[in-house]
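In order, the protein sequence lines correspond to chains A and B. Going by the numbering used here, the letters in the first sequence line up with residues 1 to 168, in that order. Going by the numbering used here, the letters in the second sequence line up with residues 169 to 279, in that order.
Do not take every clue at face value.
Claimed, not checked - Below, simulated DMTMM-like cross-link-like pairs (lysine to aspartate or glutamate); rule was C-alpha separation at most 25 Å, straight line:
1) B:175 - B:203
2) A:122 - B:239
3) B:206 - A:124
4) B:257 - A:140
5) A:122 - B:242
6) B:257 - A:89
7) A:20 - A:89
Unchecked claim - Per label pair, the in silico range of CB-to-CB distance:
8) B:176 - A:89: 49 to 55 Å
9) A:163 - B:203: 43 to 49 Å
10) B:273 - A:131: 44 to 50 Å
11) B:196 - A:24: 25 to 31 Å
12) B:196 - A:74: 17 to 23 Å
13) A:149 - B:177: 54 to 60 Å
14) B:178 - A:24: 46 to 52 Å
Simulated from the structure, these hints should not be mistaken for lab results. We treat Cβ as the ideally placed atom computed from N, Cα and C, and that holds for glycine.
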Amino acid sequence: MAILKKRRPPSYSRGRNLLKGVRFAVDSELENVSLVAVAVNSMCALLGLDTVSSGEVELCVAEAATNAIRHAYHDQPGQTVAILFSVTEEHLQIEVSDNGTPMPAEQERRLIHGTQSVEFRKGDRMSLAEGGRGLQIIHDLMDEVSYVRGDHVNRLRMTKQLQTSRVK
Amino acid sequence: MRYEERKIGDLFVAKVMESRIAADLAPALKADLIEFVKRGHRTFVLDLSEVTFIDSSGLGALIASLKVIGDGGELALCGARENVASMFKLTRMNKVFRMFGNPEEAAAALL
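Between the sequences and the hints, there should be enough to build the whole structure, so can you do that?
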């Protein structure tokens with residue numbers, strides 16, 4: 001299940017360094033999330049995505065990988081978080097997969113549909129939630145998001161539409 | 169985490185000397201900020217000018233600290249770069265934290 005939102009796509013250089021698919025994996029430790037996120041940002045930059053879009057993709061990958069480690073693997077190291085990065089003329093797609101506990105249905109709804117719930121009342125600091133924003137961020141920044149829970153693998157797929165017009 | 173600490177008048181300013189505030193460092197940030205509050209800094213400034221990336225966990229650490237401070241003080245932010253500032257706008261936390269261009273601007277507003 002996925003939704004497509006209308007956002008102005010980032011531009012990148014047509015036909016330049018198209019990637020059919022780059023797959024890499026890290027151990028399920030939070031220290032590794034930055035490695036993954038920075039690597040993805042670098043690939044985006046290499047493809048010619050503008051700085052803002054590359055940063056948004058980096059943030060989404062960091063949120064997805066952190067979620068996998070914290071919630072699918074319950075902060076247990078020794079498990080695998082896999083990243084599949086691919087690009088076509090039309091879009092950039094990143095899949096973050098794990099072999100842990102699937103995302104609860106309520107979280108999946110927040111990821112796919114977002115939430116309109118007001119997180120805080122103005123002037124009331126104590127009503128501020130300290131967590132739970134990662135999925136909403138992915139929802140807000142990506143054009144299409146899907147989540148598939150399999151028998152042994154969960155796949156969070158994030159897609160950003162591209163506008164093949166100019167180099168950053 | 170590493171900080172560069174200074175005072176502008178009576179205002180305590182802590183400059184974060186890490187480039188990334190992500191899930192691995194967020195607990196340390198939260199603990200450090202709470203320690204600043206325990207040292208008596210009910211209103212202080214966190215300089216984010218060296219920070220190039222912050223995720224929702226980092227944001228959560230800032231929010232936790234703000235809640236510890238309570239209504240009698242302020243955790244103000246300054247120097248946020250474009251992508252860091254974007255994160256605050258995206259999550260509407262720019263409505264919660266007072267954000268300034270630099271420590272001097274923060275001091276002028278808070279002192």
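Verification of the hints:
1. Taking the CA atoms of residue 175 (chain B) and residue 203 (chain B), the gap is near 16 Å; set against the 25 Å cutoff, the hint holds.
2. Of the pairs offered as hints, the one joining residue 122 (chain A) and residue 239 (chain B) holds, with about 12 Å between alpha carbons and a cut-off of 25 Å not exceeded.
3. Annotation: proposed proximity of residue 206 (chain B) to residue 124 (chain A) holds, straight-line Cα distance about 22 Å (limit 25 Å).
4. Annotation: proposed proximity of residue 257 (chain B) to residue 140 (chain A) holds, straight-line Cα distance about 12 Å (limit 25 Å).
5. A distance of roughly 15 Å separates the Cα atoms of residue 122 (chain A) and residue 242 (chain B); the hinted pair therefore holds under the 25 Å criterion.
6. In summary, the hint linking residue 257 (chain B) to residue 89 (chain A) is not supported, as the alpha carbons are separated by about 30 Å, beyond the 25 Å threshold.
7. For the proposed pair residue 20 (chain A) and residue 89 (chain A), the alpha carbon gap of about 11 Å is at most 25 Å, so the pair holds.
8. Checked against the hint of 49 to 55 Å, the pair residue 176 (chain B) and residue 89 (chain A) passes, with Cβ atoms roughly 52 Å apart.
9. Judged by the Cβ atoms, the range 43 to 49 Å given for residue 163 (chain A) and residue 203 (chain B) holds: they are separated by roughly 47 Å.
10. Hint check: residue 273 (chain B) to residue 131 (chain A), Cβ distance near 30 Å, so the stated range 44 to 50 Å is violated.
11. The supplied range of 25 to 31 Å is met by residue 196 (chain B) and residue 24 (chain A), whose beta-carbon atoms lie about 27 Å from each other.
12. With their beta carbons about 21 Å apart, residue 196 (chain B) and residue 74 (chain A) fall inside the hinted range of 17 to 23 Å.
13. Between residue 149 (chain A) and residue 177 (chain B) the C-beta distance comes to about 56 Å, which sits within the given range of 54 to 60 Å.
14. In this structure the hint that residue 178 (chain B) and residue 24 (chain A) lie 46 to 52 Å apart at CB holds, the actual value being about 50 Å.
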